[in-house]
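2 protein chains.
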Amino acid sequence: MGKLIVKKFGGTSVADAERIEAVADNVEAEIQKGNKVTVVLSAMGSSTDDLIELAKEINPEPDLREYDALVSTGEQISVALLAMALLKRGIKGKSYTAYQLGIKTNSSHSRARILDVEVSKITSELDEGVVPVITGFQGMNEVGDITTLGRGGSDTTGVALAVALNADECQIYTDVDGVFTTDPRVCSKARLLKNVSFEEMLELSGSGAKVLQLRAVEYASKFNLPLRVLSSFKKGEGTLVQEEKNIMERPIVSGISSIDSEAKLTIRGVPDIPGVAAKILSPISEAGIEVDVIVQNISAENNTDFTFTVDKNDAKKAEDILQKTSQTLGGGSIEVDDDIAKISIVGRGMRAHAGVASKMFQALAKHEINISMITTSEIKISVVIKKEEMKKAVQALHDAFDLDKELDT
Amino acid sequence: MGKLIVKKFGGTSVADAERIEAVADNVEAEIQKGNKVTVVLSAMGSSTDDLIELAKEINPEPDLREYDALVSTGEQISVALLAMALLKRGIKGKSYTAYQLGIKTNSSHSRARILDVEVSKITSELDEGVVPVITGFQGMNEVGDITTLGRGGSDTTGVALAVALNADECQIYTDVDGVFTTDPRVCSKARLLKNVSFEEMLELSGSGAKVLQLRAVEYASKFNLPLRVLSSFKKGEGTLVQEEKNIMERPIVSGISSIDSEAKLTIRGVPDIPGVAAKILSPISEAGIEVDVIVQNISAENNTDFTFTVDKNDAKKAEDILQKTSQTLGGGSIEVDDDIAKISIVGRGMRAHAGVASKMFQALAKHEINISMITTSEIKISVVIKKEEMKKAVQALHDAFDLDKELDT
Numbered sequence: 001m002g003k004l005i006v007k008k009f010g011g012t013s014v015a016d017a018e019r020i021e022a023v024a025d026n027v028e029a030e031i032q033k034g035n036k037v038t039v040v041l042s043a044m045g046s047s048t049d050d051l052i053e054l055a056k057e058i059n060p061e062p063d064l065r066e067y068d069a070l071v072s073t074g075e076q077i078s079v080a081l082l083a084m085a086l087l088k089r090g091i092k093g094k095s096y097t098a099y100q101l102g103i104k105t106n107s108s109h110s111r112a113r114i115l116d117v118e119v120s121k122i123t124s125e126l127d128e129g130v131v132p133v134i135t136g137f138q139g140m141n142e143v144g145d146i147t148t149l150g151r152g153g154s155d156t157t158g159v160a161l162a163v164a165l166n167a168d169e170c171q172i173y174t175d176v177d178g179v180f181t182t183d184p185r186v187c188s189k190a191r192l193l194k195n196v197s198f199e200e201m202l203e204l205s206g207s208g209a210k211v212l213q214l215r216a217v218e219y220a221s222k223f224n225l226p227l228r229v230l231s232s233f234k235k236g237e238g239t240l241v242q243e244e245k246n247i248m249e250r251p252i253v254s255g256i257s258s259i260d261s262e263a264k265l266t267i268r269g270v271p272d273i274p275g276v277a278a279k280i281l282s283p284i285s286e287a288g289i290e291v292d293v294i295v296q297n298i299s300a301e302n303n304t305d306f307t308f309t310v311d312k313n314d315a316k317k318a319e320d321i322l323q324k325t326s327q328t329l330g331g332g333s334i335e336v337d338d339d340i341a342k343i344s345i346v347g348r349g350m351r352a353h354a355g356v357a358s359k360m361f362q363a364l365a366k367h368e369i370n371i372s373m374i375t376t377s378e379i380k381i382s383v384v385i386k387k388e389e390m391k392k393a394v395q396a397l398h399d400a401f402d403l404d405k406e407l408d409t
Numbered sequence: 410m411g412k413l414i415v416k417k418f419g420g421t422s423v424a425d426a427e428r429i430e431a432v433a434d435n436v437e438a439e440i441q442k443g444n445k446v447t448v449v450l451s452a453m454g455s456s457t458d459d460l461i462e463l464a465k466e467i468n469p470e471p472d473l474r475e476y477d478a479l480v481s482t483g484e485q486i487s488v489a490l491l492a493m494a495l496l497k498r499g500i501k502g503k504s505y506t507a508y509q510l511g512i513k514t515n516s517s518h519s520r521a522r523i524l525d526v527e528v529s530k531i532t533s534e535l536d537e538g539v540v541p542v543i544t545g546f547q548g549m550n551e552v553g554d555i556t557t558l559g560r561g562g563s564d565t566t567g568v569a570l571a572v573a574l575n576a577d578e579c580q581i582y583t584d585v586d587g588v589f590t591t592d593p594r595v596c597s598k599a600r601l602l603k604n605v606s607f608e609e610m611l612e613l614s615g616s617g618a619k620v621l622q623l624r625a626v627e628y629a630s631k632f633n634l635p636l637r638v639l640s641s642f643k644k645g646e647g648t649l650v651q652e653e654k655n656i657m658e659r660p661i662v663s664g665i666s667s668i669d670s671e672a673k674l675t676i677r678g679v680p681d682i683p684g685v686a687a688k689i690l691s692p693i694s695e696a697g698i699e700v701d702v703i704v705q706n707i708s709a710e711n712n713t714d715f716t717f718t719v720d721k722n723d724a725k726k727a728e729d730i731l732q733k734t735s736q737t738l739g740g741g742s743i744e745v746d747d748d749i750a751k752i753s754i755v756g757r758g759m760r761a762h763a764g765v766a767s768k769m770f771q772a773l774a775k776h777e778i779n780i781s782m783i784t785t786s787e788i789k790i791s792v793v794i795k796k797e798e799m800k801k802a803v804q805a806l807h808d809a810f811d812l813d814k815e816l817d818t
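Residue numbers (our numbering), protein chains in the order written: chain G, 1 to 409; chain D, 410 to 818.
No lab work stands behind these hints, which were simulated from the structure alone.
A couple of the hints might just be wrong.
To be verified - Computed spacing ranges between beta-carbons, pair by pair:
#1 G:Glu378 / D:Ile461: 51 to 59 Å
#2 D:Arg520 / G:Gly90: 24 to 32 Å
#3 D:Phe642 / G:Glu237: 36 to 44 Å
#4 G:Asn370 / D:Ser455: 54 to 62 Å
#5 D:Arg594 / G:Asp127: 32 to 40 Å
Please read all numbers here as calculations on a predicted model, not as lab measurements.
C-beta: ideal position from N, C-alpha, C; glycine also.
So that you can see chain G by itself, here it is in the shape it has in the complex (with noise of 0.2 Å):
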């Protein structure tokens, strides 16, 4: 028997007519080795940036139920375009948007979350051989209002449909090839992945790998859905995101993921008594800043240095906040640097192996790369350098772990 496959397919991949046209003939490829479809679609290339632009003609912060309405109407076009491309071939597409399926979500405008997903009639239309073609990115709320699910919310309508469809896999077309070991620009020898688990995903998308959006890995993870990343613009099999028990070869280090969009923040000498991290970055996130790497050294003579890393857009804020602070807390100076780059090596593997760690700060070392902060977790080690030794640093520490061999398995 054929499998349930959803397929999501990302603004580039229907970027024009010649791709909704690809992304037919894609469907009409699986529909022949006699599995069903289910299509996921964004909105095509830019036109969801074209009507961003469009509001703020109007109100640079228009109000977030209008906005909802306004770039919702991006997937419902792709849609349309995309059945209309599938019937040509005789295929029994019909495009649907989430309000016509009632892809319930919370009324958070412009950044719901899905709460339930009515599958009823996508599954009526399956046994009467129909490919349902589906806007992504979107749902209503109770009252009725359209609601969307934020930037690259069609991963997770993608993954929630599959997991309400108990559908077989979900394949993630974008364009890229799949996962890599580290990202090609900034490293010639990164090598696709066949296999990665949910958490090394989570800990790649977090640290910079920005394939999958991190809220479609969780779900996909807590529902145990097969999620494949693919290229719609290549032949490949991508990478299968699955289960840890699932993959049988299991490399120390899976990936390196690198990102230079921070800045660091450095509070100096502030009181090193209990409460004090919390006083720091309470009125940072009740500003809406998410913080990323956090370190507090130990304290010299009571007084101790409390540095952490934020998007570059937000540093300018963080630091007005941190001025503030310093202030009550009779703290000293404020630091900001924002030439930093912070690198990862993520893997399963290394919860078991002493010594990745000395081997990632040796080769660092050996190339004379200083490291300005460190942060470990059970499956990643993440270190703080200079923006200009990043590009270095990710080939040293490619090198250093073989990710460009494949493992035998």
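Using the hints, position chain D against chain G.
Chain D alone, transformed into the frame defined by chain G:
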């Protein structure tokens, strides 16, 4: 107590952010008069055409369910933007799609007819001081598919909503100042009409004055809803279309319409027997071709010539059909002439006034304009002449019936 006004704005009136701001100003001014307002919008400028272009890239004859899903996005964009612009002014604007309101239509995709407008949601919003901003041109059928009403359908939505809401007036904003005695591009003496009856408006619309969609006028006439045509670019009272009995001034001729987009087809020497007209026209209408003027002259020797006009775009198709009909009827030659114009004079007053037709024909004769066809209805006389004489004919008739002079009322 304030009035309830439904305002419908067409594509050129919401073509860009600046125009949308102007619409918001218009709504604000109406509210400041103490009136309640419901707004119906078309899609921005040429955006519907752009969407159709996109569909045709996929398939020149796209599936109509998907066509409707696609093109209905245009109005969704304009209503969200106007709601944003109203909110910026402190007015509680709120966008609604026809789908959200449940505007029911039949299932004739791309040319659906409104069956039912449920207004309880709108009236409760109006009671809360909200200005509902509603997508024109669209609805949903009984299985929950998106439908569209066809070109100019937003007028119909406006009128249908105004009727269902029991509104005091439906205002149709366009890029012209109102209804003129004749096309100002054809005759510089054309004068804006303050009042016109539904019946006259229907005859004028049907004869080429494309200010209002015929269906919308019929609908308003049926429910006796005052309709006002006015410009969204200039201040002014526009033209009020209403029941004849409310119009005090009653000129003999109210307006002249002219149209040069038709072709004339003649089939010569068909047997003059009962049913021959039906035999000629049935295959034409079955092919979906609309026939305008029909003339059959008295027969000579049991043979007659049968002439009718169709849109130029349909002329070739009609000719082919006519060739086949001619063979089965044993008829003679087919003649096609697309070098024609149709001029109509329209006026409720002409019923009671003999001599209107002769005055018309004399005016044309005086300018040596030859008439090739004549048809008449209760309140209209149409003639078909050579295309190059259209302008001269309209000017001659405009003068002959003193249309540049306002009646004393």
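Against the structure, the hints come out as follows:
no.	hint	verdict
1	G:Glu378 / D:Ile461: 51 to 59 Å	55 Å, holds
2	D:Arg520 / G:Gly90: 24 to 32 Å	26 Å, holds
3	D:Phe642 / G:Glu237: 36 to 44 Å	59 Å, violated
4	G:Asn370 / D:Ser455: 54 to 62 Å	58 Å, holds
5	D:Arg594 / G:Asp127: 32 to 40 Å	58 Å, violated
The structure fails to meet hints 3, 5 from the earlier list, while all remaining hints are met.
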